[in-house]
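Asker: Chains as they are written, first to last, in our numbering: chain A, 1 to 326; chain B, 1 to 510.
It should be emphasised that the hints constitute simulated quantities derived from the structure, not laboratory data.
All C-beta atoms, glycine included, are put in the ideal place defined by N, C-alpha and C.
Check the hints yourself; a few may be wrong.
Which residues of chain B face chain A? A few of them, derived with a C-beta cut under 7 Å, are [what the hints assert, rightly or not]:
#, residue
1, Leu135
2, Leu331
3, Met334
4, His351
5, Met354
6, Met362
7, Phe373
8, Leu374
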Amino acid sequence: MNTSPSAASPVIARRPRLRFRLSRENTLVAVLIVFSILVGAVRPTFLTWTNVSLILAASAVLGVAALGEFLVIVTGAIDISIGAIVGISAVTLSYCLQAGVPTVVSVLLGLAAAVIAGAINGVLAGWVKIPSIVVTLATASIFLWVMQAFTGGHISSAARKSLPWLSERGAVGVPLSVLVFVGLAVLVSFLMYRTRFGRDMYAVGDNEAAARVAGVVVVRVRILTFVVAALLAGVAGVIAASQLAYVTATTGTGLVFLTIGAVVLGGTNLFGGSGRVRGVVTGVLLLYAIYNAMVLLRVAAAWQDAVAGLLILVAVIIDTLGRRPK
Amino acid sequence: MNVAFSKPLLEAHDVSKSYGPVWVLSGVSMTVHPGEVHALIGENGAGKSTLIRILSGLIGSDGGTLKMRGEHVALSSPHDALLRGIGTVHQEFNQCPQLSVTENLFLGRPLPKTRFGLVDWGRAENEANGILDTLGVTIDVRRPISDLSTATCKLVEIARVLVHNSDILILDEPTAALDMEESDRLFDVIDRLRQRGVGVVYVSHRLQEVEQIADRVSVLRDGEMVATRRREDTTIDEMVALMVGRPVSTVYPTRTAPMGEEVGLEVRDLTVPGHFAGVSFSVREGEVFGIAGLDGSGRSGVAQAIGGGLRATSGSVWRAERQVGPANGVLEGMKAGIAYVPPDRQGLGLHLSMAISHNIAMPQLRSLRHGPFLDRGGETALAEKGVASLQIRCESVRQPCASLSGGNQQKVLLAKWISTEPEVLVLDEPTRGVDVGAKAEIHKIIRDLAANGLVTVLASSELPELLGMCDRILVMRAGEPAGIFDAATSTAETIGRAAAVHTSDGGDAS
Chain A
1 MNTSPSAASP VIARRPRLRF RLSRENTLVA VLIVFSILVG AVRPTFLTWT
51 NVSLILAASA VLGVAALGEF LVIVTGAIDI SIGAIVGISA VTLSYCLQAG
101 VPTVVSVLLG LAAAVIAGAI NGVLAGWVKI PSIVVTLATA SIFLWVMQAF
151 TGGHISSAAR KSLPWLSERG AVGVPLSVLV FVGLAVLVSF LMYRTRFGRD
201 MYAVGDNEAA ARVAGVVVVR VRILTFVVAA LLAGVAGVIA ASQLAYVTAT
251 TGTGLVFLTI GAVVLGGTNL FGGSGRVRGV VTGVLLLYAI YNAMVLLRVA
301 AAWQDAVAGL LILVAVIIDT LGRRPK
Chain B
1 MNVAFSKPLL EAHDVSKSYG PVWVLSGVSM TVHPGEVHAL IGENGAGKST
51 LIRILSGLIG SDGGTLKMRG EHVALSSPHD ALLRGIGTVH QEFNQCPQLS
101 VTENLFLGRP LPKTRFGLVD WGRAENEANG ILDTLGVTID VRRPISDLST
151 ATCKLVEIAR VLVHNSDILI LDEPTAALDM EESDRLFDVI DRLRQRGVGV
201 VYVSHRLQEV EQIADRVSVL RDGEMVATRR REDTTIDEMV ALMVGRPVST
251 VYPTRTAPMG EEVGLEVRDL TVPGHFAGVS FSVREGEVFG IAGLDGSGRS
301 GVAQAIGGGL RATSGSVWRA ERQVGPANGV LEGMKAGIAY VPPDRQGLGL
351 HLSMAISHNI AMPQLRSLRH GPFLDRGGET ALAEKGVASL QIRCESVRQP
401 CASLSGGNQQ KVLLAKWIST EPEVLVLDEP TRGVDVGAKA EIHKIIRDLA
451 ANGLVTVLAS SELPELLGMC DRILVMRAGE PAGIFDAATS TAETIGRAAA
501 VHTSDGGDAS
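Make the full structure from the sequences, and use the hints.
Answerer: Here is the structure:
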């Protein structure tokens, strides 16, 4: 770089050159397309609209929860309790419906319960400053068992009966839940790229000390991040309740690994500070496309989770090696 | 010990090291004899730590040779150096605070075993006591390191190195965290080692200590060894002169506008416990006011406290007859029109993986808004204005800061705070680690800002920079003000002396 003070060359090239960057997000989209074509060649059913909408519908719950996890990971923290919060929302919703509470109020109460859980995480991690992995491991267990005690282990199918429209096909031929996922992805994109709160999340994740010196109120950002993440997990819980035959306290527990996996697969730095929403969305779709393909290819169920785990591990290895300074 | 008659233990000959185009060491030679305490002194950035890193095997050199007892050696790692008999005690502590003294002494070394292959703690503790005895130190070796005083920790660290029967002991600023009495205890230990024939390389800023314990003194300046003297042949005055001895270069831009008459900033009796106490000064509009001092003297702390980065417990900050501080947090500082520019680009300064524009706009996101959304056009415009006025060389303001050179990163950091349009600009090491060209540009920027009536406070570890840029200089020493000097009538010697040498009785209460 030229450092002589006299160089009066144009300091900025007016227009940033338009070029295709081989970013993590773009690579992932390419992988998804190539994978789909390959599987489609072997099993033509894979690329039928019925199957594709099945993948989309299945990915709505994970997708919305992963958007929440994404926010937390961008700030350099992690939320292990995201699955339990999905469960809290789903169970609260079902419980209220069963008790005869109107649908809209029940949904709001489910979301409120999720937000309270998120606020507990946020205060402990952001204000008390306990490492988020410890906080959310503990709260995950607490949330789960409180729900279990609350419901007495009963299962409920009330939500599926009251909210069938959420998982049925809407106007464009895909379930409304998919539209909710897409809408929230757009909304989260705006939040991340266009608002001060979004910028503050990246800043805190990239360099907390520098953010503080620049006037960012770090505690507030951290608490709010956990709350918004929990709200998204709550929405995921409502969708899950509408899709599942029965809802129990453990409804969301299997999601934790997949949400973190999808976020990391999507190129979000686990140490915070970087990541794009479209990467997360692609990561979610790729994960479900692979699960779906494995079913079509008759891969034994036991292998499916192992393959997903391997894929995420490979993504992290590529990521870590790529970030290592030369 | 008569140095002339013994064969050198360690000879570094013509050692050079460069980082990119910058030579941090060029053609440096140094010998260490058995039973000799050889002090290595120099200003910050003179190359002391680079030389220490090479001698301790932490980094390789780009040229020159190392000999031990007359034989060529190539050190592949700190462990390799340790096995060959060169032990280094770094300035920062490398200990496991929760483990016991014994456990720490055996770190990286096999513990004695019983017949059954279990650890024989009894024997380990005996050995640990034995090692400490040779240093004349008695500590309960079962206590965790975290229970011990800083000075005792330092002694344990020295003991840990000596376990390997080191012939050469490198001590990097060993007294930095010690008080007078503790330092004396350390000197007793060093004396013992000297009598045992160990060669000690002693790096320090504190010239009185050097005078007290060194047999020879070597002075580094700008990466070159400017002199090696026997202690009895030199004086503190000469050491200071050798350390800072370049003429203040004429490249510093001269004042273009006269200083204003109004007092723009007044600091009264400011105190931050653990950092500094009782600092008072006032700065006129358009004045550049310097803060000098060694690392740990409170130099940087004063700058931070004015901006609100450190919480002052007593004292006050005034602007134009109005009390505005001490600020509680940077936000309050900013509201009072005070901008603090931190020293380190990676640490407190910038978000390196984020775009230039995001960095420059960060302190102002509150006002850069359209309803709930960020005003991205305004943000880009602000950043482009900063980039243009500070001549930051980049392709686009969307480029991440990490892709810029150090000098340009530093200018982004300046742009970030200058564009908040502060009335008081507090700069902490604004040119640390940037090349000469960028340095001159930054100095020009500071000069231009001052010409517009900005109140500027400049904390720096580089005396030539302070003398070249400032009107008056506050010298900090061990957390207390050691005087305010008029830059025009001061020399690097007077400032350096005030910063490094005790004139009164006092203990070194850092």
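Asker: Take the hints in turn and mark each one as holding or not.
Answerer: Going down the list of hints, with the structure as the test:
The interface hint given for Leu135 of chain B is broken, as the beta carbon of that residue sits about 38 Å from the closest beta carbon of chain A, more than 7 Å. At a threshold of 7 Å, the smallest CB-CB gap from Leu331 of chain B to chain A is about 5 Å, leaving the interface hint in force. With a least beta-carbon distance of about 6 Å to chain A, the hint placing Met334 of chain B at the interface is held under the 7 Å criterion. Of the supplied interface hints, the one on His351 of chain B holds, with its beta-carbon coming within about 4 Å of a beta-carbon of chain A, less than 7 Å.
With 7 Å as the threshold, the beta carbon of Met354 of chain B comes within range of chain A, its nearest partner Cβ sitting at about 6 Å, so the hint holds. For Met362 of chain B, the interface hint holds, the least distance from its beta-carbon to any beta-carbon of chain A being 4 Å, beneath 7 Å. Look at Phe373 of chain B: its Cβ gets to within about 5 Å of chain A, closer than 7 Å, so that hint holds up. For Leu374 of chain B, the interface hint holds, the least distance from its beta-carbon to any beta-carbon of chain A being 6 Å, beneath 7 Å.
In this structure, the one hint that does not hold is number 1.
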